[in-house]
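Protein chains: 2
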Amino acid sequence: MEVLIIAAGRGSRLNNRFSPKPLIPIFGLCLIERIILRAKSAGITKFKIVVGYKGDRIVEKIGTGDRYGVHVNYIFNSEWEKGNGVSVYKAKGFLKENFILLMSDHLFDDSILRKLQQIEPESDCCILCVDRRLNSDHFNIDDITKVWVENNKVKEIGKGLDRFNAIDTGIFLCSPVIFNALEESISKGKYSLSAANQILSNRGKLKTYDIGDNFWIDVDDRETLQKAKKILLEQLKKPTDGPISKSFNRKISVMISSKLSRLNINPNHLTLISFFLAVLSGLFFFLGGYPKIVIGGFMAQLSSILDGCDGEIARLKFKQSKFGEYLDRVLDRYADALIILGMTIACVYKMETIWVWLAGFLALTGSFMISYTAMQYDEFLISKAFNKKKASFRMGRDIRLLIVFIGAVLNQLFATLIILSIVTNVECIRRLFVLRHEYKLS
Amino acid sequence: MEVLIIAAGRGSRLNNRFSPKPLIPIFGLCLIERIILRAKSAGITKFKIVVGYKGDRIVEKIGTGDRYGVHVNYIFNSEWEKGNGVSVYKAKGFLKENFILLMSDHLFDDSILRKLQQIEPESDCCILCVDRRLNSDHFNIDDITKVWVENNKVKEIGKGLDRFNAIDTGIFLCSPVIFNALEESISKGKYSLSAANQILSNRGKLKTYDIGDNFWIDVDDRETLQKAKKILLEQLKKPTDGPISKSFNRKISVMISSKLSRLNINPNHLTLISFFLAVLSGLFFFLGGYPKIVIGGFMAQLSSILDGCDGEIARLKFKQSKFGEYLDRVLDRYADALIILGMTIACVYKMETIWVWLAGFLALTGSFMISYTAMQYDEFLISKAFNKKKASFRMGRDIRLLIVFIGAVLNQLFATLIILSIVTNVECIRRLFVLRHEYKLS
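Residue numbers (the numbering used here), protein chains in the order written: chain A, 3 to 444; chain B, 3 to 444.
In case anyone wonders, no lab produced these hints; they're calculated from the structure.
Quick partial rundown of chain A residues pointing at chain B, CB under 10 Å, derived from the structure:
1) G326
2) W359
3) T367
4) C430
5) R433
All residues carry an ideal CB built from backbone N, CA and C; glycine is no exception.
Work out the full structure: start from the sequences and follow the hints.
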């Protein structure tokens, strides 16, 4: 399905001297880039963009869409000052089938577009995506377009409604009938999209789709821009984050990622940096002696924190890749092995006993087994999170590397190896029982 | 969709004094049990079975179907000696919607039924599954029902056709219209199902579905029974089997599984036995000294061979389980760790050097990494096999444990650890490049 993006207005509260609002950057991607890439995640590859105010800047930035792996065409609206209805109307000659209409300043979850594409509307109807969460703090109630919905049909729509039970999200599934309604409203001197929507709704031809729990936000001013940024960072958390990750690592890595996002960094290079820190950690342990092993511990913890950044940057900038994920997992395991080997050798200098090696062997085996069984265990955790059950404990890399850090600071590497051996292998046995129970139920 | 199984005939060439043909055992499950469980794999849970000759034996064996997790009802046909058309006709009052018709002596792939259930036939048509591989050696050309097909419609059907271009597989998607055709043929004194099919085909109402590469076999005599067994064992091979597995381990494990299949063994117990042998192997290495480490090597190889049996028995007897697969993977990794630990300690007795431990550490890391990356790599191998491209090399557990065996017999455990360290870690790096290339293409 094709997408029409309206990017012609001035957006007076957020534009600056140089750029129109659709080019405002958020974590290294401008608003309209985020909208294109988000729609692409939902399988959409054909875009028409209506430009007006400083349209040449937008054309210059987005181009043919090749860079994003999509096709972009432009429609120029010289009358952009009249209202957004005129901008939509300019697309009349170019769209003969159903299309999705998006605003260039509304961010949203791709699952909304995924579901919208599955809806088969009657040929003379349009569908407006609405948000029923009236108490949400994602929008400024004075600025938004309000909707009165009855039986999944829009009865009233407009900014000035006194009575309303839903919010207009700016996401539409349109049939070309919208152009007739626009023609009618423009001929009456009403230039907003809402005016045309009111005409459709008077005829019972504007239906609604409730976006449920999904996220959307109208980036309208400094305040909503900050909210949007906060939510995008919030979305970087994973349901499988362990306790140390949740309460510490993720908070710092997200902070780092938000700074790094402005640079043009390949996430795989961050994976290599995190790995390199783990190699350094193993090396400092290997060199042995008290101050050095503390540095080793710090390096391990730092590597653990940075380990989140590659995925965060990838998700934040739509740069996820199957190979990136694979590389991260493989290097994490080698990093674990090098850190444990370094710690074991540090102990061997001091004690030179078979027990040290045994502890190292068992710690390595247990660490690997936790990672080896992570996929199945995480599936179980995710299904629990999905069913909103109480989260289960997750003994992951975040905890293991924190144990290493504490052990190094306390200069107790042998004890650390023994603790790692026990907690990882016991956890592996616990998972065996948890999953046996789980698989029996399913 | 409901399934009707015809199990009323005598099957004179294969029945014995005690059992009717549907109760002939093949690897611990009788023919009709295999048919029910195979259909269950295709998502079917409701069965009607027409019984006649020694029907009480069949009812006694299968019961309500609870044991198989399905529902079974019986229809008794006292006129079973007349012909199989009469048996189908007896189901008339019980089947008001489309159903699948199966013979109690025809084995087949469940993918045939999976696809058949997706076909929506016209209401007055039946669909016959046909095999176009006329040169197949799975059947005796004199005994089978032949078909002349034109434009996906049956033109002629019968055992005595001179001209034919397909074989009747005995698998049908029937609409209740089949009962009208049967009524007509029976009233003319023709009691076979083929006679009714000829009536349908005369009216252009018998269409065909080509089963393509899928397996089916009519178990009609000693010869086809042996063929069926051979094929079932052949199907136990996996596209991800490594070279040692393909040429040696799998052949022996399949032989063992075919014997064990007669017993009522839980596949998970076989997993535990294979693990126990690996523990013994590690223990013999740990005890050290020349004759003992040879025993350790033998135990490792034996464990490697038996490692195939759990999955083979599970697949052969429809006892696959998610937990069984998980348990097998987890215990295999602990088995690997114990064998490498045992070998390392055996070397430490003789050399007591840090290099031995280092080699053990690296061998353990590499072995784990091969298993850790197996899922992604196997996905790639399977997609290659699916596209019929030349198989890629797979450095798996079969090769590792053979190296251990050879190293033990030659009394070269340290060299073995070094070889394992190198081949496993190099292979892991090779996979990184192979998969980077693969993911870039996809």
